[in-house]
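Here the protein sequences line up with chains P and W, keeping their order. Quick note on numbering: my numbering labels position 288 of the first sequence as 288, and the sequence is numbered without any gaps. Quick note on numbering: my numbering labels position 216 of the second sequence as 216, and the sequence is numbered without any gaps.
These are calculated hints, taken from the structure and not from any lab test. Take the hints with a grain of salt, since some may be wrong.
Stretch by stretch, here's where chain P covers chain W in the computed footprint (C-beta under 8 Å, at least three residues) [as the list claims (entries may be wrong)]:
1. 38-50
2. 217-228
3. 251-265
4. 351-365
5. 425-436
For each residue, glycine too, the CB sits at the ideal point set by N, CA and C.
Below, each chain spelled out in residue letters.
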Amino acid sequence: MGLQIIKPDTRIDFIGFRKIAFILSAVLVLAGLGSLLAKGGPQYGIDFAGGMIVQIKVQEDIELSQLKGALEQTELPGLVVQTLGMADDHEYLIRTSSSDIPSQQVRTMLADALAGPLGEGGYQIQRLEMVGPKVGADLRAHALEALFYAVLIIAVYISGRFEQRWTAAAIMAAALGGSIYGIGLFGVDMGWLIVMAMLITVALCWYLKLNYALGAVVALIHDVTITVGVFSILGKEFDLTIIAALLTIIGYSLNDTIIVFDRIRENTRAQQDPRRFRSIINESINQTLSRTLMTSLTTLMVVACLFVLGGSVIHDFALALLIGIGVGTYSSIFVASPILLGFGPSIVAEGEGQA
Amino acid sequence: MQSLRLRIFVTLAVLVLGLAYMLPSIPSVKQSPLGTLLPEDTVSLGLDLKGGIHLTLGVDMDTAMHNNLSRLGDDLRATARDEDIFVLRPNVLSSSRLEVVLIKSEQKSDFDSVIEKYSPFTIEEARNMGDGKVRYLLSVSPQYRDELTRLTMDQAIKTIRNRIDQFGVAEPDIRRQQDNRIQVQLPGLQDPERAINIVGQTAHLEFKMVDDSADIEKALVGVLAPGRELSTLITTHPGGGQSESPIVLRRDAVLTGEYITDARVQLDQWNKPYVAISFNTRGGTIFANLTGENVNKRMAIVLDGKVHSAPVIQERISGGKASITGNFTNEEARDLAVVLRAGSLPAPVVIMEQRTVGPSLGQESIDKGITAALVGMALVLAFMIIYYGFAGLVADIVLCLNIMLIMSGLALFGATLTLPGIAGIILTIGMAVDANVIIFERIREEMRRGLTVRAAIAEGYERATLTILDANVTTVIAAIILYQFGTGPVRGFAVTLTLGILSSMFTAIFVSRIFFDLYTKSRSESAKLSI
C-alpha cells in the first residue's frame, strides 16, 4: 500500500466539535457580513458598477504615489490606482467609475496625465475595459440570477436524489419560484431578492423535512458568504470572473458535501437504528476523511499554482477559489453533517419514499 | 475477458480521435505534412488571449423611430398636397405619435382617406380647433414598430459588417443581442479609437443650403426664421488645430448620402487628401440641377450634424461627382471614405461596453497560464504516485488522457479557449483526480475488510461510481448555469469545466479500470496491489 495520511482506524468525534465549529463559522460569517454592511454592500468592479479600467505596464520603476499624484489632476470620478500582480511586474490598474465622459476622451486624459511622470511611450496600455451603466446593471442581474438558479436546482436535485422525494422537491421549487415572483412584483432590489430566496429555500427545506438538501444548502450559503465576506474585508472587487469562481465554489462545496452524505446514506441503510445516527455520521465522515483531504490538497495545489504563477488578470479569481475550496472542505465536515444530525435522519425509506 | 478487449478497443479509439482533434491546435503540427491529414478544427483563442476589441453597441431606437415618423409625416404631407389638401408641417410628439394640422376642416373626409390609403398611421384623435383647422393625432401600430426595429437592426448590422470588411479585420464577429444591442468582436486589432470611430459613426451625409442672410447673433439666442437651423462649421487650421463657428442652414436637406455609389481618397494639388464621392444617375441629376440653380450661393456638406465645409458653388456641376474637403489627415480621409462607401447607420449607436486587450498581455496570459498548468500538473502527478504507488501511476496516465480529451473537445465543438478557460482546465487537473481518489480509497477500505485484490477492485469501482456521478452532476449544473447566464470569458470557463468533468468521469471510471483488470488478470488471487 502507498502512503496514508489518515490511519484507517481514525475515530475523530467530529460531531463533538460541532459547537466550536458553529461558533467559528458564526464568527467568520458575521465578520464578513459586518464588513459588507460597513462598506455598504459588495464593492462592485466595473463589470457591475460600470466605469473604466486601464491596465498599464511601466518600463521603469515608479512610485505608486507619483503615479497617483499625476492621475489625480485629471479629476476623473472615482479614480483608483493600484499595483497589480507581483511587485516586479510593474503593472498598474487605473480605474474610474461610470461617467458621462466618452471613453475616447478618458483615454486621452489618462494618456496626457501619464505622459508627465512616465514620458511618451514609457508605458504600455495592456487592457482597457469600459462598461456602461446600463450594461453593468444587466450583467449584475444576470450574475445574481445565475447564483439563484444554481442554488435552487441543486436543492431540488439533492432532495430528489437523496431522499427520493421528487414531489416535495418540486413543491419547494414551485413555492420558491412563486414567492420570489411575488416579492419581485414589489420591485425589490435583485441582491435582496437573492438573500430572501436563500432564506425561503432554507425555510422550505426545513418545513418539508428535506434534511439532506437543508444541510447542503446551508453549507453552500456558508461557503459563499464567507468567501464574499473575506473578499469584502480584503477590499477586493466583484466582477464577472469572481461570480464564476463563486459558482465553482458552489459546485465544489456540494461535491464535497455529497460524498460525505452519500456515505451517511449508505451506512444508514445498513443500520436502521435512528439512535445511532450520531455515530453513523461520525463514522461516515471518518471513512471519507482521507478522500476529502486528498482531493482538497490536490485541488488547492493547482489553485495555489494559479494564484502564484497565473498572472495578474487571474489573480483574484484564484484567490476566491483558494478561500472557497478551503472553506468548502471545512464546511462539508463541520457544517453540513451536524445539521443533518440536528434534524434527525430523514424518515424516508420505503413508505413515503416514492411519493 | 471479451469485455476487457472491447473496453481497450473503445479507449484506443477515443485516444486516436482525441489525438486527431487535439494535434491541429499545436501550430507546428498544423504546418507539418501530418496536418493535412488531420481535421480542420482547432481550439480558437478568446479575445482575452489573442488580444483584440470587444464592443457592445446600443442602437438608439428612439431616434430611429423619431426619424422614421418625421419622414412618414413629410411623405403624408406631400401626398396630401398632390390632392390639393394642405396641412402644416407634421410634428413628432413621441416615438410613436405624430401631430398633423389640417388647414381646412371641409377637407377632413378627403384627408382621412389619404391617411388610410397611403400611410401606416391610424387616427387616434381628430379635433376641430375652432378656427377651421383640424388637429390630428396619428399613431403607428406596435407591429409596425416591431417590424421597423427588426429592419433597423438588420440594416445596422449589415452596415457595420460592410465597414469592418473594408477595414480589413480577420475573423470579425458581429451579432445581434437582445435589447437592440450589437456585439462586435475584432480579434487582433490594436487601435480601438479608430475602430470605434469607424463602427460607431452614423455617417449621415447631407447637403444643405447656407442661409447667409440670417443674423448669426440672433440665431445664437434662438431667433431663427422658419425652416432654418443653427449648425456648427468645423474649420481646420493649417497648423492642425480646429475651431468651430456657428452657421445658419436651411433645414431641408437638398441631397443626402443615399445616392452615393462610391467614395475614395484623392489628393489635391497641395497633396492634401480629400474624399471624392460619386453619385448614382438620380443623385447626379439632382446635384447638377441643384448646383445650376444656386450658383454663387454656399452649400454646406453636413456629416452627422456637423458642417465639414461650406464652399461657394462656382458653376453647375454635372457628371455626378462631388468632393468633401476639410483638412483631413490621410487616415481620417480613408476612414471617412470607408464609412461613406458602406452607407450610413439607420440610427445613431452608443458604445455601451468596450474591452480591449493588448496582444502582449494576451501572450503573457497564455504563457503564465501554461506555466501554472504545467507546474500544478507536475505537483499533482508526483503527489499521486507517492501516495498511491502503482494506482497513482494509473491515475496519472488517465489524467494526461483527460487533459488531451478536454483540448480535443474544445476543438471539436469549436469552443473558444479563454483565460478563465485555462483556469478551468487547471482546476480540472485538481478535481479530476478526485474520482480516482474516491475509487482508490474505497478499494483500500474493501481490502482492509479482507477482500481479495480482484474483489476489492470490483467492489470499489461499483460503489464509488454512483457517488462520483452524484457529486459531479451538481458541478455540471453549476457549469450549465454559468454558461446560460455568463458572457464571453465566463462561458469559456463553463465549457471547459463541463468538458473536464465529462472526460474525467470517462477516464477515471472507465479507462483506469482497464489497467487494474490487466494487472489482476496476469496475477494470482493472492497477489498484492500497490494502492
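To see whether the hints hold, each was checked on the structure:
1. 38-50: violated (count 1)
2. 217-228: violated (count 0)
3. 251-265: violated (count 0)
4. 351-365: holds (count 12)
5. 425-436: It holds, with 7 qualifying residues against the three required.
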